[in-house]
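Asker: So the sequences go chain by chain: F and U. This note's numbering puts the first sequence at residues 6 to 409. This note's numbering puts the second sequence at residues 6 to 409.
FYI, nobody ran anything at the bench for these hints, they're computed from the structure. One or more hints might be untrue.
[Stated by the list, open to error] Here are a few chain F residues that face chain U, going by a calculated C-beta distance under 8 Å: (1) HIS28; (2) VAL31; (3) SER115; (4) GLU124; (5) ILE130; (6) TRP132; (7) PRO134; (8) SER225; (9) GLY244; (10) GLU248; (11) GLY253; (12) GLY372.
Ideal placement from N, C-alpha and C gives every residue a C-beta, glycine not left out.
There are 2 protein chains.
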Amino acid sequence: MQNHSGTSLQERIYLDHNATTPHSPVLKQRWSELYEVSGNPSSIHQDSRITKTWLRETRQKFADYLNCSTLELIFNSGASEGNSSILKSVWNFKKDSKPEMLISSVEHPSVIKTAEYLETMGAIIHWIPVARSGQIDLAFIKSKLSEKTSLVSVMFANNETGTIFPIKEISTLAHGAGALMHSDCVQMLGKYDLQAHELRLKEFDLDYATFSAHKFYALSGTGVVYVKKNSPWVSLVHGGGQERSRRGGTENVLGIASLGLVMEEVKNSSVKVNEMFRLRNLMEAQILKEISRCTVTAAEYPRLSNTSSLVIQDIDGETLLMSLDLKGFAVSTGAACSSGNPEPSPVLLMMGLSRAEAQSSLRISLGWSTTEAQVQLFILTLKEVVEKLRSINLSAKDYENVSR
Amino acid sequence: MQNHSGTSLQERIYLDHNATTPHSPVLKQRWSELYEVSGNPSSIHQDSRITKTWLRETRQKFADYLNCSTLELIFNSGASEGNSSILKSVWNFKKDSKPEMLISSVEHPSVIKTAEYLETMGAIIHWIPVARSGQIDLAFIKSKLSEKTSLVSVMFANNETGTIFPIKEISTLAHGAGALMHSDCVQMLGKYDLQAHELRLKEFDLDYATFSAHKFYALSGTGVVYVKKNSPWVSLVHGGGQERSRRGGTENVLGIASLGLVMEEVKNSSVKVNEMFRLRNLMEAQILKEISRCTVTAAEYPRLSNTSSLVIQDIDGETLLMSLDLKGFAVSTGAACSSGNPEPSPVLLMMGLSRAEAQSSLRISLGWSTTEAQVQLFILTLKEVVEKLRSINLSAKDYENVSR
């Protein structure tokens with residue numbers, strides 16, 4: 006397949022896995038079979054049995070992985086729907102007695118925008134500060150938690166910097182105050198080795214968690230929410246009795262099938278996670294050595310294995326991204342969903358970076374198939390492009406000085 | 006691919022196209038290419054250009070077909086989301102001045118359940134009666150419409166009986182009273198020849214319409230809503246700026262691509278629609294001739310080309326369905342999303358059928374690939390199965406009489 010500039014995608018090096026992941030080769034093996042998956046799982050006849058089976062098997066695999074009950078999982082269209090549903094559900098049930106929520110200031114837009122929407126309905130949102138080191142303000146959480154708090158929502162790991170937040174500690178605080186705990190876990194699967202940390206979802210003691218299939222090598226348009234037994238839930242999408250009447254609409258059977266197919270890989274991704282970690286650290290060390298006036302954001306606290314957020318001074322991130330793109334590398338300046346927005350990353354600004362720093366930022370996110378050769382080529386190209394852009398900037402400044 | 010009873014699906018005859026359609030052969034041709042479609046359309050780099058292009062092209066094709074602006078279309082996860090979004094949007098904007106809605110009593114559960122949810126919030130819903138002939142009660146609409154009515158929602162065609170409602174007439178009434186008009190058009194595409202009737206969506210004068218890709222040979226998990234310019238809209242799913250900030254979340258790019266690929270077929274489906282119409286009529290005439298005590302529901306009013314809802318007296322619909330299933334035929338008793346529910350179809354009950362009649366109902370819905378040979382084989386089998394079941398019933402009654 007050719008992309009629109011005529012170069013082959015195979016030759017390109019994709020380093021934007023936090024935006025979306027390519028489809029797993031496991032899906033390729035089963036791809037022709039997936040074409041046949043079209044029965045409506047709600048039908049009674051045999052033609053629906055395959056899709057029913059896909060649904061059941063995927064649900065079971067996911068529950069096994071998270072160590073929860075299959076009844077606690079709801080399939081939906083993705084994490085934005087999951088996050089919207091959870092915040093609105095809690096608000097609906099608790100608004101009278103507990104109108105306050107604590108939400109980290111570096112959440113994904115689906116959490117931020119839903120919370121802002123709830124603010125227009127009367128909710129009081131306390132935005133939890135996160136420092137540029139990546140440290141979340143636990144003292145702030147303690148000071149704002151009260152019997153009026155319905156929900157604390159802090160993502161497992163940030164999509165832009167990779168910062169992993171101390172979810173267990175925060176959920177303990179939340180529950181201590183009688184609040185529910187939600188974590189957007191979109192960037193967890195395939196990038197963080199749950200089992201190596203002897204952790205399962207249960208150990209985080211969450212009431213809600215959100216996942217999105219296209220962030221771990223399955224198809225886009227499918228998500229899962231974990232809703233702990235007896236937690237408040239209001240259907241956002243009403244319909245037939247699908248998902249035990251918690252989410253209506255004919256299921257995205259192909260997406261759910263793809264999710265089931267990749268779960269074995271996700272489960273056994275320790276080696277891949279460790280390799281991404283090694284490559285990311287190697288990459289950062291070399292970049293810091295070879296490119297002057299460059300820093301890694303939030304390197305002081307635990308991060309995902311694959312993510313690197315750089316500030317490269319005197320460089321416009323968007324120009325850098327486009328220059329790298331022309332040379333065959335896919336990276337990003339911030340979250341994909343804010344791309345095309347001329348404003349610098351709100352997450353980085355919230356973390357205390359200056360506008361100039363945020364505008365000079367670049368996010369590199371490695372994937373399972375990233376190789377050391379690719380990383381080396383990337384470093385070489387990045388160095389070359391940064392030097393070139395800086396020299397142009399310098400000439401432009403000289404020109405300005407002359408013309409004055 | 007084998008189904009779970011070991012018989013090949015290829016040998017089976019699928020007559021349940023109103024529940025879901027098999028994937029178009031057009032998708033099969035492009036299937037391997039679709040595997041490559043994984044870029045996040047919101048990214049800036051080249052790897053996102055293919056998915057961006059799919060989105061743009063599908064939107065343009067759909068807008069061309071409906072004769073509307075691309076800005077009036079929002080991609081989502083399916084018609085249940087579409088219907089939920091529309092009813093909730095109108096309620097959100099109009100609840101204070103216009104707390105009433107008129108909704109047909111035979112709508113899809115996604116409309117009914119959303120309306121019932123709004124009732125708990127204070128909405129007053131007037132349920133428009135539909136007679137067993139298929140006739141909708143226009144006098145009722147006229148009598149209930151007032152300056153307090155925010156929305157009239159009547160589906161284009163009913164999924165169980167195929168009845169086509171006089172949408173243009175109803176939208177004229179709605180607009181005359183200052184209400185907005187919504188139509189769930191899920192059963193329209195591919196089953197009704199818009200162009201043969203010299204109609205485009207514009208001519209129905211709708212404010213909202215809902216569509217679902219898996220009802221016309223594309224993938225499940227993708228829908229489109231038509232929202233006429235300046236109509237009220239509140240995001241149900243918040244997130245990044247996708248769909249001009251009207252529907253957040255990374256798009257189901259594969260589903261949207263599939264939708265674009267089938268649009269050419271949908272556009273040119275006149276011949277297929279006419280053939281389904283011929284086969285359906287032929288089938289019904291022959292069934293009525295060969296099977297005693299059998300009637301066609303709502304045959305008196307215009308119906309979709311492909312749908313037939315039968316009442317076969319002294320037969321339990323579910324038993325009949327399962328007997329036919331064992332013989333290789335996929336049909337249904339009512340809507341797929343209510344399958345497994347022991348209650349008889351609420352739609353048929355609403356239309357005035359008795360419980361016994363509703364429980365003796367069978368829905369047959371033909372598709373583009375249905376052949377006359379398949380239909381003949383179906384009629385033969387249906388006759389055989391009905392006779393068998395009736396004779397068992399008779400013996401059972403004899404037995405009861407004897408044992409008393």
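Asker: For every hint, state whether the structure bears it out.
Answerer: Each hint tested on the structure:
Interface restraint check: HIS28 (chain F) against chain U, minimum CB-CB distance 5 Å, threshold 8 Å, status holds. A cut of 8 Å between beta carbons decides the hint on VAL31 (chain F): the least distance to chain U is about 11 Å, and the hint is violated. The interface hint given for SER115 (chain F) holds, since its Cβ lies 4 Å from the closest Cβ of chain U, which is under the 8 Å cut-off. Interface hint status for GLU124 (chain F): violated, as the beta-carbon distance to the closest one in chain U is roughly 12 Å, over 8 Å.
The interface hint given for ILE130 (chain F) is violated, since its Cβ lies 13 Å from the closest Cβ of chain U, which is over the 8 Å cut-off. Violation of the interface hint for TRP132 (chain F) is found here, the shortest Cβ-Cβ separation to chain U being roughly 16 Å, above the 8 Å cut-off. The criterion of a C-beta within 8 Å of any C-beta in chain U is not met by PRO134 (chain F), whose closest approach is roughly 22 Å, and the hint is violated. The restraint placing SER225 (chain F) at the interface with chain U holds, with a minimum CB-CB distance near 5 Å, inside the 8 Å limit.
For GLY244 (chain F), the interface hint holds, since its Cβ comes within 8 Å of a Cβ in chain U; the closest pair sits about 3 Å apart. Restraint check, GLU248 (chain F) versus chain U: the minimum CB separation of about 11 Å is more than 8 Å; hint violated. At its closest, the beta carbon of GLY253 (chain F) sits 4 Å from a beta carbon of chain U; the interface hint therefore holds under the 8 Å criterion. At a threshold of 8 Å, the smallest CB-CB gap from GLY372 (chain F) to chain U is about 11 Å, leaving the interface hint violated.
Checked against the numbered hints listed earlier, the structure breaks hints 2, 4, 5, 6, 7, 10 and 12; every other hint is satisfied.
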